[in-house]
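Residue numbers (our numbering): 55 to 645.
Since the hints were derived computationally from the structure, they do not count as laboratory data.
Treat the hints with care, as some may be off.
To be verified - Calculated pairs, PhoX-like style, for lysine-lysine (alpha carbon to alpha carbon, straight line, at most 25 angstroms):
#1 K394 with K511
#2 K160 with K142
#3 K555 with K520
#4 K613 with K576
#5 K481 with K452
Said to hold, decoys possible - Just the calculated beta-carbon pair ranges, DEER-fashion:
#6 Q391 with P225: 33 to 39 angstroms
#7 G416 with L317: 46 to 52 angstroms
#8 F244 with F425: 56 to 62 angstroms
#9 S494 with K555: 26 to 32 angstroms
#10 K400 with I321: 26 to 32 angstroms
#11 L317 with L633: 55 to 61 angstroms
#12 A610 with L317: 41 to 47 angstroms
#13 L317 with D497: 21 to 27 angstroms
#14 L552 with E479: 40 to 46 angstroms
#15 Q492 with E315: 35 to 41 angstroms
Heads up, the beta-carbon is just placed ideally off N, CA and C, and yes, glycines get one too.
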Amino acid sequence: MYRSTSCNTLRKENAGQSVTLAGWVNSRRDHGGVIFIDLRDREGLTQVVFRPEEHPQVAEASHGLRGEDVIQITGLVSPRLQGTENAKLATGQIEVIASELTVLNKSDVPPFQIDSKVANEDLRLTYRYLDLRRSEMKQNLKLRHRVAKSTRDFLDEQGFLEIETPILSNPTPEGARDFLVPSRLNPGSFYALPQAPQQYKQLLQVAGLEKYFQIARCFRDEDLRADRQPEFTQVDLEASFITAREIQTLIEGLLSRIFKESLGVDIPVPFQRMTYAEAMNRFGSDKPDLRFGVEIVELSDVFAHSQFKVFRSVLDNGGVIRAINAKGAASALSKEQLKKWEEWAKTELGAKGLAYIRLKEGEWESPIVKFFSEEEKKALASKMGFEEGDVLFFGADKPAPACEVLGRVRLKVSELLKLTEGSKELKFLWVVDFPLLQFSPEDNSWVAVHHPFTRPKAEDLELMEKGEFAEVRAEAYDVVLNGVELGGGSIRIHEKELQSKLFAALGIGPEEQQHKFGHLLKAFSFGAPPHGGIALGLDRLVMLLCGADSIREVIAFPKNNRGVDLMTHSPVEVEHKLLRDLSIASTVKKA
RNA sequence: GGAGUCUUAGCUCAAUUGGUUAGAGCGCCGCCCUGUCACGGCGGAGGUUGCGGGUUCGAGCCCCGUAGACUCCGCCA
């Protein structure tokens, strides 16, 4: 037995007990005579005292201890001397007076100090096993475990079965780039790592499993971000004979359970609901952050008779004039900065421009205000609540791009004015009635907004028959927290004919349908039940719960921005023989 | 594929307008210290300022290139 208890259990009541502890030397305070060691294990810290007058040989040996040495000590739990208690430590009322010391393993001097902040993420990832020794990282992983446990408990209670689906599966015709795995037994053929267990979970519904869930690893070969890794984890679920509303209620229950059991926070249910159309019109985003206002206002009527050429031509071509009011931003935005913002809108957002008006010391400062009539100015001010110190930003374009640009400006305003800084608010939201299809000028075809198995809303089926794809809404929903998409799902198509029609709308002909989705269409012909589901991004959820600003902080061994594991150096070049066995060859030219 | 920020000691950072031998804290090493918990005291080691080039009497600082890290856009059904 290496130890009788952990480093976070001993309290005043344990005084007089003989204990054995094992762990790492967190810090040492060597007074020449008496020596203190903070011993650390996963659970916490305990102060160990080496006293030369009581155990001279052990005390002598303790002089040689250094940070991160792994040791085992046996000793007597004692109350700390009067006035030397440490209120910052859970075990601060006691100390262990060591009578035995075993050095289990010496440590080299670590490349960074375990108990301090390290900014260099490169170094942290290279020595991830040391980085994870820091209590902050341990807390994050513990919380992640807590969330997974709550999820399993809750869904089990709701009658869901945890079922694993294949990691070696097929490439997905649409969507993200796949990771491919060559098949040795089938030369020239490839598996793909799943982007999501989508088809399998639907086939489990056809199989009659009724309620499935999985904490599923998913893979996408796309560029990385603070909130994106090539492999990530989803809480994935699917159920039969269920409505969209029922799935939403289930997820509200799940999130309530998670927040309660991980943070001790009660979140209000049901969540607010908003259609996609409303979210776009009011906030210019399909995942609006509702912790602040700055809503988009329709101004087309104000400028209906405008002589301002830019607005005039936009309106005459079926566009709209809309604006947001950045309340009190005038002092934070100089004329130079406003010009920079305009430049940003043009280059990064592809906007034609970003007109603005700054109201400072009673003056309307703007390159465009001279084109406005007095009536227009009056109506504008009243409609926008435009007051001293405010800045208005205009979007003049077709409704969708106008809102998108203003939505992005809205977020930039929030960032500038620190509207959400220090906020503890949790604004949950369901965004519903997403469009089913979106025209892609790039591919010159319609593409699925969600995925090709998403069910059109019953009342829009007629529009679909007529080919008015842009107007067809989907039985799809996203759950959003503070402007972050936590997850999304939909009711699926369960009829062979309707699924085939949707494939056709996406430009997938009968032959291709059979080739790529024959298994699914066939399955649907054998009595597929109505079904639907959802997937939540576990990494993102845990990141928010931890207050971290990157999912790398809640993943034990993440990859860096270029998809490299700095610790193991993965991915690596492989020997030619390995490639030959797989019947593949690299086209990379060696330098 | 594009934009931005950054790169100085093991770590976190500083270095005035381009000007002496590039500093500090922590860590490390040595000595001293019997109640500390950010222990304290004395002493010490540790630097090709990411790399390459240029401008200059003189470059950590200015210019060009390059590598890497991070953030964002594109992309992510």
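Verification of the hints:
no.: 1; hint: K394 with K511; in the structure: violated (43 angstroms)
no.: 2; hint: K160 with K142; in the structure: violated (28 angstroms)
no.: 3; hint: K555 with K520; in the structure: holds (12 angstroms)
no.: 4; hint: K613 with K576; in the structure: violated (39 angstroms)
no.: 5; hint: K481 with K452; in the structure: violated (29 angstroms)
no.: 6; hint: Q391 with P225: 33 to 39 angstroms; in the structure: violated (47 angstroms)
no.: 7; hint: G416 with L317: 46 to 52 angstroms; in the structure: holds (48 angstroms)
no.: 8; hint: F244 with F425: 56 to 62 angstroms; in the structure: holds (60 angstroms)
no.: 9; hint: S494 with K555: 26 to 32 angstroms; in the structure: violated (19 angstroms)
no.: 10; hint: K400 with I321: 26 to 32 angstroms; in the structure: violated (40 angstroms)
no.: 11; hint: L317 with L633: 55 to 61 angstroms; in the structure: violated (49 angstroms)
no.: 12; hint: A610 with L317: 41 to 47 angstroms; in the structure: violated (21 angstroms)
no.: 13; hint: L317 with D497: 21 to 27 angstroms; in the structure: violated (43 angstroms)
no.: 14; hint: L552 with E479: 40 to 46 angstroms; in the structure: holds (41 angstroms)
no.: 15; hint: Q492 with E315: 35 to 41 angstroms; in the structure: holds (38 angstroms)
Checked against the numbered hints listed earlier, the structure breaks hints 1, 2, 4, 5, 6, 9, 10, 11, 12 and 13; every other hint is satisfied.
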